[in-house]
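Residue strings, one per chain:
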Amino acid sequence: MKKEKRTSSLRLQNMHIPSHILMIFWTFIASFPVYLLVINSFKTKRAIYNNPFGLPGIWTGDNYVSVVKGGNFFQYFGNSIVVVVVSLFMILFLGSLTAYALAHWRTKISRAVYFFFLLGMMLPIKIATIRLLELMKIFDLFNSLWSLFLVYIAMGLPTAVFILTEFIHGLPKDLYEAAYIDGAPRTKIYYSVVLPLIKPALATVGIYNLVPIWNDLWFPLIFITQEDKKTVLLAVTRLQGQYATDWPRVFALLTLSALPVILLYLTMSKQFVAGLTAGAVKG
Amino acid sequence: MQTKKHSAFRGGGAINPSGAYWIWYILPAIIIYIMFMAYPMIDSVRLSLYKGTTGARTFVGFDNYIKLFSDEVISKRFWNAFGNTWVFFAYHMLLQNMLGLLFAVILTNRTMKGRRFYQTIIFIPCTIAVMVTGYLFKLLLNPQFGGYALRDMGLGFLAKPWLGDKSTALNVVSMVSVWQWVGIPTMMFVAGLQSISEDLLEASDIEGCNSWQTFWFIKFPLILPIVGMISILTFVSNFNAFDIIYAMETPNGAPDYSTDLIGSLFYRYGVAGEHPIGIPQPGVGAAISTSIFFMLLIGVLPTLRATQGKE
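Protein sequences appear in the order of chains A and B. For the first sequence, my numbering gives the first residue as 1, with consecutive numbering after it. For the second sequence, my numbering gives the first residue as 1001, with consecutive numbering after it.
For reference, chain A alone in the conformation it holds in the complex (with noise of 0.2 Å):
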């Protein structure tokens, strides 16, 4: 009798009622607004206002084609394009160089690198645009996409470098023993033993700078004011004033610049969550 009645609370507290009520309340505040964004991209200045948190009556992709002809958006979605390419290229190359050297290096001045790299993890990049604008302008990088990778790559290392150097420490020795005993000379080891192996590493180094390249807005804002130079979410700045009334372009726009992002992450969700998360999983 007792064993019945604590299974079946049992039950009833597996189902877990008041969790699952929370945790439905919080999906519909994250992504009733996301709903919104989408929705309202495909209806009429006048749906909007008479309809504003239904499904359009009639869907029109008018705004989109006014959004894609009016600004040069197929430039701007291509100069972000080009940042994140080169950026995330450059930071994983390096990084990986720098990761497989500080790996087996094991020396009192391998270990100070190692720690410098670290301290750049703590601290935000931004503290340094003062100096960073000038020695732009002094190289004459200034309106040109260069100040941006360099600032990126820069930005990007610390945590691509420790990343690595911990994933690498990790490997089972054995792995490439074989290749090291044959003697085999050392960047080949690089690119045909350790690269491979770290290839889960590079995905979570690459997702946990994509995004935040993709979406920063600070040293676009500061570094470029040429309108062939703008990256996308720049332009968005620009282009929401100028839409300013014009409620379902703003819309469209907006969906415009946040999609890519979301799509990608709903199809490798699992990819995102390990990359954005990894800067703070320490060692």
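Hints were generated in silico from the structure; no laboratory data involved. Even for Gly, the Cβ is constructed at its ideal location relative to N, Cα and C. There's no promise every hint is true.
With a straight-line Cα cutoff of 20 Å, these simulated PhoX-like cross-link-like pairs (lysine-lysine) come out [to be verified]:
#	chain 1	residue 1	chain 2	residue 2
1	A	LYS45	B	LYS1067
2	B	LYS1051	B	LYS1067
3	B	LYS1051	A	LYS137
4	A	LYS188	A	LYS199
5	A	LYS69	A	LYS45
6	A	LYS229	A	LYS137
7	A	LYS270	B	LYS1051
8	B	LYS1113	B	LYS1138
9	A	LYS137	A	LYS173
Ranges of calculated distance between the beta carbons of each label pair, as one might list FRET restraints [stated by the list, open to error]:
#	chain 1	residue 1	chain 2	residue 2	range
10	A	LEU195	B	LEU1200	51 to 57 Å
11	B	MET1295	A	ILE17	40 to 46 Å
12	A	THR225	B	GLY1055	19 to 25 Å
13	A	ASN72	B	GLY1156	41 to 47 Å
14	B	TYR1039	A	LEU195	28 to 34 Å
15	A	THR60	B	TYR1039	28 to 34 Å
16	B	GLY1055	A	THR60	53 to 59 Å
17	A	ASP174	B	MET1035	38 to 44 Å
18	B	SER1167	A	SER269	35 to 41 Å
Given the coordinates of chain A, work out where chain B should sit on it, guided by the hints.
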């Protein structure tokens, strides 16, 4: 032996843990890191003792700091932004991180269904650019958006100028930011809680601990390092937050500087130029960023020591 020096270039030679050739692998990364991060950061501290820009720079000692902390106009802005930043930080620490912990405890309960679904949704806002979030909420919080519909639903009191009212603006902006970022502490706590060994939890169950006791005496002490890391991350990101203010309340921290944060103050004085002069003062900007730097050190180092184990 005599080829050793050159072999680094050819990529030859076996791995040697004390070989100085490793420096060649590190050099490109460290040059970029020093030139575009370490050096400008340290040099910003030096610039805070100067006035003017490249070419016309004069040494003024601590003048910029004196201005920042006691000049009638500038110090008023600075202390205002300083106070606002603490309010903004308190929201993230108390609301965002507590919610994150609560969600994570729920999401790591093995008998709970639909965990992956909830996790995926909670994290979506974290992938959106802060600026896009800001503009989106600026529209959604406009009393004209949905004003009629809300009144029809009997919710007319929700259609208020939340962002234009001095008494609500900072609170609303902070809550929007909490809305966006709660997924990060959630996921970190999930990772931490999942790493707690099953045996330990079983033992506490057998000992007759209720779930609150299990959380407080077993789980919480074990995830203390993560609590520390999240506190540090929150602190660092809040003390240079800028995008959300820029998007929702203009870089001036409207209305009437009530949402001005140290990040936006830094932008106005150091980069864009503060109204009404409109000319940036790099020295004052550098003094602000140096102050941020020291505040971060004062906040971060003790937290690291208190929470990151006894190594």
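Verification of the supplied hints:
no., hint, result
1, LYS45/A <-> LYS1067/B, "violated (49 Å)"
2, LYS1051/B <-> LYS1067/B, "holds (12 Å)"
3, LYS1051/B <-> LYS137/A, "holds (18 Å)"
4, LYS188/A <-> LYS199/A, "holds (16 Å)"
5, LYS69/A <-> LYS45/A, "holds (18 Å)"
6, LYS229/A <-> LYS137/A, "holds (16 Å)"
7, LYS270/A <-> LYS1051/B, "violated (49 Å)"
8, LYS1113/B <-> LYS1138/B, "violated (35 Å)"
9, LYS137/A <-> LYS173/A, "violated (47 Å)"
10, LEU195/A <-> LEU1200/B: 51 to 57 Å, "violated (38 Å)"
11, MET1295/B <-> ILE17/A: 40 to 46 Å, "holds (44 Å)"
12, THR225/A <-> GLY1055/B: 19 to 25 Å, "holds (21 Å)"
13, ASN72/A <-> GLY1156/B: 41 to 47 Å, "holds (42 Å)"
14, TYR1039/B <-> LEU195/A: 28 to 34 Å, "holds (30 Å)"
15, THR60/A <-> TYR1039/B: 28 to 34 Å, "violated (52 Å)"
16, GLY1055/B <-> THR60/A: 53 to 59 Å, "holds (54 Å)"
17, ASP174/A <-> MET1035/B: 38 to 44 Å, "holds (39 Å)"
18, SER1167/B <-> SER269/A: 35 to 41 Å, "holds (39 Å)"
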